[in-house]
Amino acid sequence: MLADEAAKVVRHSAAGPGYRFLVLCAPRIAAALVPGQFVHVKVPGLEASALRRPFSVFDADAESGEVTVMYKIVGRGTEALARVAEGDEVRVMGALGRGFPLTCKGAPLLVGGGYGVAPLHFLAKRMVRDAREGCGRPVLFVGGRTKDDLLAVDRFEALGVEVRTATNDGSAGVKGFVTAPLDETLAELRQSGERFELFTCGPDGLLKAVADRALAAGMPGWISMDRHMVCGVGACFACIQKIRMPNGDVSNARCCVNGPVFAAADIVWDG
Amino acid sequence: MEASEVDLKVDLGGLAMRTPVATASGTFGYGLEYVGAIDYLRLGAVTAKGVRLGPWPGNPMPRHVEVLGGLVNAIGLQGPGVDAFLAHYVTQYVRTVGSACGAENVPPLIVNIWGGSIDEYAEFAKRLDAAAAASPSSPVKAIEMNVSCPNVKSGGHTFGQDPAVLAKVVAAVRAATRLPLVVKLAPNVPDVSPYVAACEESGADALALINTIPAMVIDVETRRPVLGNVTGGLSGRCVHPVAVKAVWDAYRVTKLPILAMGGVYEPRDAVELMLAGATAVAVGTATFSDPTTAERVADGIAAYCARHGFQCVRDIVGAAHPKEKTT
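Going down the list, the protein sequences come from chains A and B.
If you're matching positions, the first sequence starts at 1 in this note's numbering and goes up one per residue.
If you're matching positions, the second sequence starts at 1001 in this note's numbering and goes up one per residue.
For reference, chain A alone in the conformation it holds in the complex (with noise of 0.2 Å):
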């Protein structure tokens, strides 16, 4: 389902030092999205010629029409949405791209960096609401740089997630990266036995470190890639991730429609 509404602000607040929580309503697509999608937002206060910005989407309730999406103040785009107040209209298209499989089976282990959680958030939301049969209950483990960088820690918390947490200057949870927490947890996987799938978002090389550990393990593994785009749609070719197709040829696939969620096993590292 593709559309472009028109959305109201309904709350725009802080997310943590530097990071912002933008509540829209709109309704068609809050009702479309499911987790790991995206939408592309016109920000006011930009240039009309300026590009869309897209954005993961934290939350959609289709009840009440509302979509969230959570963001990192980064460049002129941000600073100018950043700006947009309460009851402001802003343009938005979704639902967008191919969002996480909804099919887990064992334990699903949620690995984010950053505000790369946005998408997780969702995702758990849904496995708690959902309790899928042979789907347990989600854990997440999550990085940031410091302590201001665990994002909507609470958030999942209250969802009944168990959070681990790792700030590479250890200002909060364990000192490192937070592949430390994961590969304790992937140890103790490993000697009961017991079935996992990793969802991930974040920076490119956290990306890369737990379809990594996907593929060792032969679990699934998918990954929610971070990419500027232009269009959104998958008209111009602009966001382009190298994939390996099933007869073994690798095709540049469009991260707007054929991701930005991929599997670990398809997914051909650049460098």
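Careful, some of the hints might be misleading.
As the list claims (entries may be wrong) - Computed spacing ranges between beta-carbons, pair by pair:
hint: 1; chain 1: B; residue 1: 1117; chain 2: A; residue 2: 250; range: 24 to 30 Å
hint: 2; chain 1: B; residue 1: 1095; chain 2: A; residue 2: 62; range: 24 to 30 Å
hint: 3; chain 1: A; residue 1: 203; chain 2: B; residue 2: 1067; range: 24 to 30 Å
hint: 4; chain 1: B; residue 1: 1095; chain 2: A; residue 2: 44; range: 34 to 40 Å
hint: 5; chain 1: A; residue 1: 133; chain 2: B; residue 2: 1135; range: 46 to 52 Å
hint: 6; chain 1: B; residue 1: 1223; chain 2: A; residue 2: 246; range: 37 to 43 Å
hint: 7; chain 1: B; residue 1: 1175; chain 2: A; residue 2: 79; range: 54 to 60 Å
hint: 8; chain 1: A; residue 1: 247; chain 2: B; residue 2: 1104; range: 35 to 41 Å
What the hints assert, rightly or not - Okay, the calculated bits of chain A under chain B, using three or more residues with CB under 8 Å as the criterion:
hint: 9; region: 1-9
hint: 10; region: 227-234
What the hints assert, rightly or not - Every beta carbon over 10 Å from chain A, so not counted as near; a handful from chain B, in silico:
hint: 11; residue: 1086
hint: 12; residue: 1116
hint: 13; residue: 1119
hint: 14; residue: 1161
hint: 15; residue: 1200
hint: 16; residue: 1203
hint: 17; residue: 1230
hint: 18; residue: 1300
FYI, nobody ran anything at the bench for these hints, they're computed from the structure.
Every value quoted in this text rests on a predicted model; they were computed, and no experiment measured them.
Cβ coordinates follow ideal geometry from the N, Cα and C atoms, glycine included.
With chain A's structure known, arrange chain B on it following the hints.
Structure of chain B alone, referenced to chain A:
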């Protein structure tokens, strides 16, 4: 006069368009990606993304960078090749767009082609001609030859940089197809006249102006070019005056109808290009920020005509030129 009473139909070298507004190649995928977000009924034609005979991977990432008032891209004409294009994308276009606006209202498809040799261009044109002839319901109604893409070194623009070579490739494609043939030219030439003449003499039915303008961006922090291809092509609002001049210059020296593109964001941008001599316009980069641009522009052209007492949109084509046209 009401805007709804204005006759918006135009004929672009044999391609019948219900409005003078098309989408520009490379900005509208294979025509079906925006279903749900736009009204196809107000599109006069859809131009598909450039395809060559075989599959082509395109350029390395990054493929685009936003600049103030524009976009520099170096996608590099990634495409599936003619077989997959016809079997998959054209079929999907008919099905998806047809279900959105009615099978009888699917906009005609202009297929943008490029190649690494004159033979490749001609072979592709032959395939399209056969596909169009095989089924009267085929949406393939015209060919746009890309001889001016700045982003692919092995083909494309090399054919558009020398009028003698251009004449040969256009003549070869002309001989291979009965479909209306549009040749898309580059703006970065000192004088467009010899290129226009080469197209006209070689049997082109229409011209398309302009392609993107060669450009590049350097990241001052890393001291490296931003684009994977190093250089790219500039499009967007900032190129509009360049397009107006290119169309103006071409109109003065040809009777061929012109499809104009370059920074069309608002109806007045399209009207300006038509006054300069364009029979129709295409919306490109503007679709990315507002997918409804093309339909807004079509409505706005009608409103302009009504406001100025033009019963028929064809009456504004070239209207900014002195009455004694020099052809």
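Hint-by-hint comparison with the structure:
1. 1117(B) with 250(A): 24 to 30 Å: Roughly 25 Å apart at Cβ, these two residues keep to the hinted range, so it holds.
2. 1095(B) with 62(A): 24 to 30 Å: holds, 28 Å
3. 203(A) with 1067(B): 24 to 30 Å: Roughly 26 Å apart at Cβ, these two residues keep to the hinted range, so it holds.
4. 1095(B) with 44(A): 34 to 40 Å: Holds, at about 36 Å.
5. 133(A) with 1135(B): 46 to 52 Å: holds, 49 Å
6. 1223(B) with 246(A): 37 to 43 Å: 41 Å Cβ-Cβ, so the 37 to 43 Å window holds.
7. 1175(B) with 79(A): 54 to 60 Å: holds, 56 Å
8. 247(A) with 1104(B): 35 to 41 Å: holds, 38 Å
9. 1-9: Per the Cβ count (4), the hint holds.
10. 227-234: It holds: at least three residues are needed, and the region 227-234 of chain A offers 5 whose Cβ sits within less than 8 Å of chain B.
11. 1086: holds, 19 Å
12. 1116: Correct as stated: the minimum Cβ-Cβ distance to chain A is 19 Å, above 10 Å.
13. 1119: holds, 26 Å
14. 1161: Check passes; 25 Å lies beyond 10 Å.
15. 1200: holds, 32 Å
16. 1203: holds, 31 Å
17. 1230: The claim holds: residue 1230(B) sits with its nearest Cβ about 16 Å from chain A, beyond 10 Å.
18. 1300: holds, 15 Å
Every hint, counting from the list given before, is met by this structure.
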